[in-house]
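In order, the protein sequences belong to chains A and B.
Be aware that the first sequence starts at 7, since it is given in the working numbering, and climbs by one per residue.
Be aware that the second sequence starts at 48, since it is given in the working numbering, and climbs by one per residue.
If you are wondering where the hints come from, they were derived from the structure by calculation, not from laboratory data.
Beta carbons are placed, not taken as given, at the ideal position from N, Cα and C, and that holds for glycine.
Treat each hint with caution, since some may be false.
[What the hints assert, rightly or not] Calculated lysine-lysine pairs in the DSBU-like style (CA-CA distance at most 35 Å, straight line):
| id | chain 1 | residue 1 | chain 2 | residue 2 |
| --- | --- | --- | --- | --- |
| 1 | B | K75 | B | K214 |
| 2 | A | K182 | B | K75 |
| 3 | B | K214 | A | K182 |
[Claimed, not checked] Covered by chain B, according to a simulated footprint, are these stretches of chain A (three or more residues, beta-carbon under 8 Å):
| id | stretch |
| --- | --- |
| 4 | 183-196 |
| 5 | 207-215 |
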Amino acid sequence: MAAMSSETTVNNRMNLLGRFGRLGPILVVVATALFFVLPLLAMARFAFQSVPMISLGWSTLFKRWSFEGVTKAFKDEEFRTALGLSLRLAAGTVALTLALLVPTTLWVHVRIPKARTFVEFLTVLPYVIPPIALVAGILPLKPHARWFLNSNYSLIPFYAVLALPFTFRSLDAGVKALDVKTLVDASRSLGAGWGTTIRRVIVPNIRSAIVSASFLTAAVVLGEYAIARTLLKRTLPAFMQQYQGREPQGGMALALAALVGTTALFALLSVLTRPRRAREVDEPATTTVTRQAMA
Amino acid sequence: MTALVFTGVRKTFGPTVALESLDLELRKGELISLLGPSGCGKTTALRVAAGFERPDMGSVSVEGNDLTNTPAHKRNMGMVFQSYSLFPNLSVKENVEFGLRTRKVPGTARAARVAETLELVQLGPLKNRYPHQLSGGQQQRVALARALAVQPSVLLLDEPLSALDAKVRTSLRDEIRMLQTELGITTLFVTHDQEEALAISDRVGVMSNGRLEQLASPQQIYRQPANAFVARFVGSTNEFVATIIGVHMVRIGPCVFTVPSAKGATGTDVLVLIRPEDLTLAASTESNTLQGVVVQSSFQGASTLLTVRLDDPLTSVIVRTLGTTESRQVGDVVHLVVDPSHGVCAEPGVTT
Chain A
7 MAAMSSETTV NNRMNLLGRF GRLGPILVVV ATALFFVLPL LAMARFAFQS
57 VPMISLGWST LFKRWSFEGV TKAFKDEEFR TALGLSLRLA AGTVALTLAL
107 LVPTTLWVHV RIPKARTFVE FLTVLPYVIP PIALVAGILP LKPHARWFLN
157 SNYSLIPFYA VLALPFTFRS LDAGVKALDV KTLVDASRSL GAGWGTTIRR
207 VIVPNIRSAI VSASFLTAAV VLGEYAIART LLKRTLPAFM QQYQGREPQG
257 GMALALAALV GTTALFALLS VLTRPRRARE VDEPATTTVT RQAMA
Chain B
48 MTALVFTGVR KTFGPTVALE SLDLELRKGE LISLLGPSGC GKTTALRVAA
98 GFERPDMGSV SVEGNDLTNT PAHKRNMGMV FQSYSLFPNL SVKENVEFGL
148 RTRKVPGTAR AARVAETLEL VQLGPLKNRY PHQLSGGQQQ RVALARALAV
198 QPSVLLLDEP LSALDAKVRT SLRDEIRMLQ TELGITTLFV THDQEEALAI
248 SDRVGVMSNG RLEQLASPQQ IYRQPANAFV ARFVGSTNEF VATIIGVHMV
298 RIGPCVFTVP SAKGATGTDV LVLIRPEDLT LAASTESNTL QGVVVQSSFQ
348 GASTLLTVRL DDPLTSVIVR TLGTTESRQV GDVVHLVVDP SHGVCAEPGV
398 TT
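Using the sequences and the accompanying hints, generate a full structural model.
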């Protein structure tokens, strides 16, 4: 009898453990989702509900929602100018980054593979050194390079440096996935110079890495505030900060829109850089046929 | 007429000497294999010919034109690589026409050449496939077609068969030789597989430590190896320490043989290398034989390899016997006759 009872207890415990084993991961996912989603919902209520702060509660949960905050911000002339500038800066930074890093990554892999670790270390530096240190280093040069720093586009080289940790890693992974040395040798042995080799052989085969590097660079540019503010440039983040002070609700709405936009950008990125389909046909060699035909 | 000539080519990578004064001449339409172990410099020689490596000293010329300082893409050479080197983003047809496009061959001529070359390697029906849709053997054949399409002055093959399985390797090897002979294209073939080299080459160059140890016909390489390294690397050998007892006369254990290449003062020890097929089983009544016991018997199909432990000298040898009439069981006492007429190499001064 005692033996049976202890067996039942063990079984009950195991059932409990089994249930927790199944429920555990779900609970963790739900808790994590709440941790991320609740502040966003709070942001959304503040930004899109025309209810005084003091009245925000369960009773007003579905009252007076409107997109007025964000539409008002979108209509602001300064917003459009700032957005335009940020997009142009993003395009410029992407172009500069790719023009510099695609050949560099290729060169490192093909000609100086031993230097790869050093180059990787260099590209991590912007991650370690705060952007403000970069600006602090540039400011003393301002009197000598006013013609350059006065231009809005002077931000492009800084942004290219800031994006290095992401762009180099992305391109490096893309190139590493190819037998790039053999492809370059094959292309050159067929009469192609370096330009043709990069254009016709390398770039098409690291397309995903290039797309990914471009989006990451764009995300860095669209979110950078410290350098733009210090160099007094009216980029989107700088405008948003200033707008928040003027229109708290609109500013919050803009921040949320930027967040949604970036998420959409990364969703698009994951679609565009999906791995190539698995081998479609795995046909055996037709050597036997060939030999018969030749005989 | 010579097609490709290496003259005193030396190439180092830091402290490593990859090629030491390489002199090699390929006649027009000839296929020469460079054979050797990893790191012997054979691939470096090929890469120097292709223009991927610049020699520290010496020169490379093709049909009398010095190409030592000509970049790879201006050399008009076709190359097939060890690893699959097809451009993954291009179809079979586009891969084959890549070299023609870089040479700005007009559209119609280009299409005709692509069709003709794909027909040569029997891959016409697969022209719209992409590399990832092809087997390893098919990929290497497309690579061969791509290299041939540009009608190169020299075809360079860098172990193109080593990534393939045994059956495909043998058939593609024969196809390469057939095409090479048919097109009369001068070819430098690099391999570490002796069977491959002996099977398809007009001449074989055996390399070691950056040096060309011997350049000769496959038969000569096997039958008259220039030194112990070549004899050991190509085929299997039995090694005996023999004593010189007269002009070209050596003693191995109780037996006396004439070894034409044996040179040295009477009483000195030399190393003698004998191929397994040059040892034959004999009747116990025969004189001048080596006696031993079979310790292992390995059936190989057309032949049987016997490992025999000799009494004098105290060593083990491998004997290749043909057919089943000569088969022996483990534990049998056997007598061996040495055929000294060929396949024997003596190295003076070697005492171990």
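Given the hinted pair K214 (chain B) and K182 (chain A), is their alpha-carbon gap at most 35 Å? holds (31 Å)
Is K182 (chain A) close enough to K75 (chain B), meaning Cα to Cα at most 35 Å? violated (39 Å)
Three residues minimum, CB to CB under 8 Å: does the stretch 207-215 of chain A make the cut for coverage by chain B? Let me know. With 3 residues in contact (Cβ-Cβ under 8 Å with chain B), the coverage given for the stretch 207-215 of chain A holds.
Claimed coverage, the stretch 183-196 of chain A by chain B - three or more beta carbons nearer than 8 Å: holds (count 10)
Agreement of K75 (chain B) and K214 (chain B) with the hint, judged by alpha carbon distance not exceeding 35 Å: holds (30 Å)
In this structure, only the earlier hint numbered 2 is contradicted, and the remaining ones agree with it.
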